[in-house]
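Visitor: From the two separate chains plus the hints, produce the assembled complex.
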Amino acid sequence: MEAAFLQLVQEHAGILHKVCNLYCPNRSDRQDLLQEMLLQLWKAFPGYRQEAKLSTWIYRVVLNTAITHFRTEKRKAPTQSITEDVIMPEETDNSLFDEHWKMLQTAMACLTDIEKAIIILYLEKKSYAEMEEVLGVSQGALRVKMNRIKEKLRQNINAQTN
Amino acid sequence: MELEELEKIWKQSGQQPFQQPDVEKALRQRTRNDISRMSANLLAELLIVLVSVTVVSVFYFTALNGRLQEISWMYMLLAVVFLIYYYAKNRLLKSMLVSIGSIRQSLERQLKRLETYTRWYVLAGSLLVPVVMMAFYFLLEQKNIPLQMLGVSRGSNSFTILYLLCTLTLTVGLYIFNKWNVNLLYGKYIKRLKSLLAELNEQ
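For the protein sequence lines, the chains are Z and A, in the order given. Letter 10 of the first sequence, counting from 1, is numbered 10 in the working numbering, and no numbers are missing. Add 162 to a position in the second sequence, counting from 1, and you land on the number used in the working numbering.
Because the hints were derived from the structure by calculation, they are not lab data. Hints may be right or wrong, so weigh each one.
[To be verified] Sample of chain Z residues at the chain A side, in silico, Cβ under 7 Å:
(1) Q7
(2) L8
(3) V9
(4) T68
(5) M146
C-beta atoms are modelled at their ideal positions from N, C-alpha and C, and glycine is treated no differently.
Here chain A stands alone, though its shape is the one from the complex (with noise of 0.2 Å):
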């Protein structure tokens, strides 16, 4: 079979009648494409959250006898900055899926957008470890609870160095852990958009 076949074969194709396709059927139902999955876990890990926040919050209220209450007002600004999180990041995968212009102008955008998201993504994650914790600190500070770690009380330097060790590997794994969900979730999508557009600018 030669090219000039394939062409033969292309043309007659055209001229075949295709079945018409439902497409109200279509359209109703739901779809399975990359970005859609994106979407569906980042629906996944706002419940984790808010699930995670309220167990958190209720624990915090009822502690102490209710001594470490602004714990659980933090938790849950922090479902609220996540609320608003999700609306961005929603909004951004709605937009990914309306294909403008041409393929290499749909891939860059789609590239661009991610890695812009997964950036601030790890770095926003990882910040809410130290920013938590040093909250956490100061408020037992302030109400003078009393509190220990491996033996240590609070109020010498050995617990300030020890906290701040804790806070430190906190931080680092939570980074990692960041790091490597992101690169589970969007990281094969990132790798073909970017062999994508690698083949399309090869010269």
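The following block holds chain Z by itself, in its conformation from the complex (with noise of 0.2 Å):
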């Protein structure tokens, strides 16, 4: 179970890293929740029954994870880390990637994490139903959702452009 768990989170740790750039804005509360976004696939994985499609199990755990089990808050002194070998992207050299991400960052800024969720699961293209089956929303409330969530987005980058 192992070797496979590992090949899992090689294999999408593009997800995780995703979800929690957009999550926590402060870097050691990254590191923290990646930490207990492993710690929550390690727990959840004998459980899958392949019914569902790995990516969407696995947005399934780690939104909920970012949602439920994790509250960033204004911390005295940085607590101990899973060390500097859990890097998000934007420490590599990639600077244009930074910037990118910086741009994504604070026009998400505005979202709540409910919201945060829909617009990533939108984002990875995931179908309407697949995002019913991650958030238990029904299809016609995520569409109204949906459609709010873009306006806010659009009110939120023309007030940054501006």
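Guide: Okay, here's the thing in structure tokens:
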């Protein structure tokens, strides 16, 4: 099981990093969230029944973790974290990527945790049926929420530009 | 920047070479999620109860030449009950840590379990005082141990009324304290779960 799990993490590391980046503006929180996601995936892995698409299942676990199990807060001193070897893409030399991510983060800063989950699934081109599976919200309600999120994002982007 | 641009950035980000996390190391280290913090609080609670029970038990074993040993045994029984409660609560918290089902199901499950638990916590914690006080009263009666409260001796009606008033005051005090404590330990988390669910249910 261990090898299969490691392979799963290797193949889907991007999902974890992207979710961490969007939910945590601060680096040490990101590391903590990444650790928490890995732990949750590890615990949930034996229960994966292959009824759902693997990436949908991963999104379900990691978004669940980001929304329900984890709350960022101001801390007086940095807590123990999983050190430099668990780093995010912005620590690489890709400055353009870094810049783009900052733009994305700024645009999405106005969204709530639930809205972030919806937009992440939307950007990942997940169908409304898959989004319903992850969030437990009906497709009709998701469409309404998606329209509101788009509007909110548009307003935020315009405000940033002006 | 338009929404389409965000989509483009997101798509590009998927093609980035992400550094692999050290899974083994991550799984070995302690986490700082809300539920782990609740587990730590629970352990602290257990330690406080065990230390208090030990002190009180030793006191009653030696006080009045050991004539109140029954109270010590009663406290030890309470400690055993608390250990059972600790075990059950710890199991509940561990079960809450595993994400099963959709986000809504996960939130609903967590909220339901926490609310049930906190209700029992307040109820059991508040009933503790009258039960102990009554047991103490009957023990004093049975053993005919002299006791005075505010100058009134045991055996008179005034003493019984005073004792009942004292029990009532302590029970109400403990109820208020338990409510405050539950709110301090779990209030923010319950509030957050409710607000997330409200947002999900919003049409």
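Visitor: To test your reading of the hints: which numbers does this structure violate?
Guide: 1, 2, 5
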